[in-house]
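Asker: Please build the complete structure, drawing on both the sequences and the hints.
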Amino acid sequence: MADTFSFDVVSNFDQQELVNVIDQIRREVTQRYDLKDSGTTLEVEKETINVVANSEMTLQSIEQLLLQKAIKRNLSLKIFDFQPFEMIGGNRVKQQINLRKGLSQELSKKLSKELRDSIKKITVNIQGDSLRVTGKNKDDLQQAINLLKKQDLEVPLQFENYR
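In the UniProt record's numbering, the protein residues as written are 1 to 163.
Derived from the structure by calculation, the hints contain no laboratory data. Each hint should be verified, as a subset may be incorrect.
As the list claims (entries may be wrong) - Here are the simulated BS3-like pairs of lysine-lysine, each with C-alpha atoms no more than 30 Å apart in a straight line:
#  : residue 1 : residue 2
1  : K94       : K120
2  : K46       : K121
3  : K109      : K69
4  : K78       : K150
5  : K150      : K110
6  : K72       : K120
7  : K69       : K94
8  : K121      : K150
9  : K121      : K109
10 : K113      : K138
11 : K36       : K46
12 : K121      : K101
13 : K121      : K94
14 : K150      : K138
Unchecked claim - FRET-style restraints, in silico, Cβ to Cβ:
#  : residue 1 : residue 2 : range
15 : I71       : K36       : 22 to 30 Å
16 : E160      : N137      : 16 to 24 Å
17 : R73       : D139      : 30 to 38 Å
18 : E86       : D23       : 19 to 27 Å
All C-beta atoms in this analysis are idealised placements derived from N, C-alpha and C, irrespective of residue type, glycine included.
Answerer: Structure (structure tokens):
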């Protein structure tokens with residue numbers, strides 16, 4: 001009996017961990033001497049984080065805090081796409097941080113082609129913003145995972161539903 005094995009390649013992050021990071025930063029903004037009276041606000045939306053502060057230097061401090069707290073909570077730094085800051089009224093600055101989630105169509109095609117060219121015994125299907133890799137041999141799937149882990153991509157990859 002020829003069983004087939006599969007796994008999914010996705011790019012995702014734990015939304016609750018991100019909320020915890022933002023809560024820690026908000027607490028630190030109210031307690032730290034250099035940030036206490038800065039009037040800094042952080043708003044989390046589904047795909048963005050908006051930071052409003054009184055100076056570019058404060059924005060840089062918030063960015064460093066965000067990166068430090070994310071590392072401690074095992075969030076990949078690749079999920080953050082920092083946009084240039086912009087001046088808004090009242091000598092304040094605003095920065096939007098986009099959150100990367102899912103594989104783009106171009107990246108999915110590139111990874112799919114690379115896997116199929118390198119490992120002949122597997123099939124790769126694009127399913128929305130993820131990839132499904134199937135094969136008859138678990139060793140081929142392990143080889144595919146190792147090949148993907150060696151890639152230096154702009155998004156973090158996770159491997160789910162290994163069966």
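Asker: Each hint should be assessed against the structure and marked as holding or not.
Answerer: Verification of the hints:
1. Pair hint K94 plus K120 does not hold up; C-alpha atoms about 49 Å apart against a cutoff of 30 Å.
2. Annotation: proposed proximity of K46 to K121 is violated, straight-line Cα distance about 39 Å (limit 30 Å).
3. Proposed proximity of K109 and K69 is contradicted: the alpha carbons are some 33 Å apart, above 30 Å.
4. Restraint check: the Cα-Cα separation between K78 and K150 comes to about 15 Å, which is no more than 30 Å; the hinted pair holds.
5. Proximity of K150 to K110 is assessed by CA-CA distance (about 14 Å); at most 30 Å being required, the pair is judged to hold.
6. In summary, the hint linking K72 to K120 is not supported, as the alpha carbons are separated by about 39 Å, beyond the 30 Å threshold.
7. Of the supplied pair hints, the one linking K69 and K94 holds, its CA atoms being roughly 20 Å apart against a limit of 30 Å.
8. Of the supplied pair hints, the one linking K121 and K150 holds, its CA atoms being roughly 20 Å apart against a limit of 30 Å.
9. Between K121 and K109, the direct Cα distance comes to roughly 18 Å. Compliance with the 30 Å bound is thereby established for this hinted pair.
10. Between K113 and K138 the alpha-carbon distance is near 20 Å, which keeps this suggested pair within the 30 Å criterion.
11. Of the pairs offered as hints, the one joining K36 and K46 holds, with about 27 Å between alpha carbons and a cut-off of 30 Å not exceeded.
12. For the hint linking K121 to K101, the alpha-carbon distance of about 29 Å falls within 30 Å, and the restraint holds.
13. With a C-alpha separation of about 50 Å, the suggested pairing of K121 with K94 is violated against the 30 Å cut-off.
14. Distance check on the hinted pair: K150 and K138 sit about 19 Å apart at the alpha-carbon level, within 30 Å; holds.
15. For I71 and K36, the hinted distance range of 22 to 30 Å is satisfied, since their beta carbons lie about 24 Å from each other.
16. Remark: the range hint 16 to 24 Å for E160 to N137 is upheld by a beta-carbon distance near 20 Å.
17. Remark: the range hint 30 to 38 Å for R73 to D139 is upheld by a beta-carbon distance near 34 Å.
18. The supplied range of 19 to 27 Å is met by E86 and D23, whose beta-carbon atoms lie about 25 Å from each other.
Hints 1, 2, 3, 6 and 13 from the earlier list are contradicted by this structure; the remaining hints agree with it.
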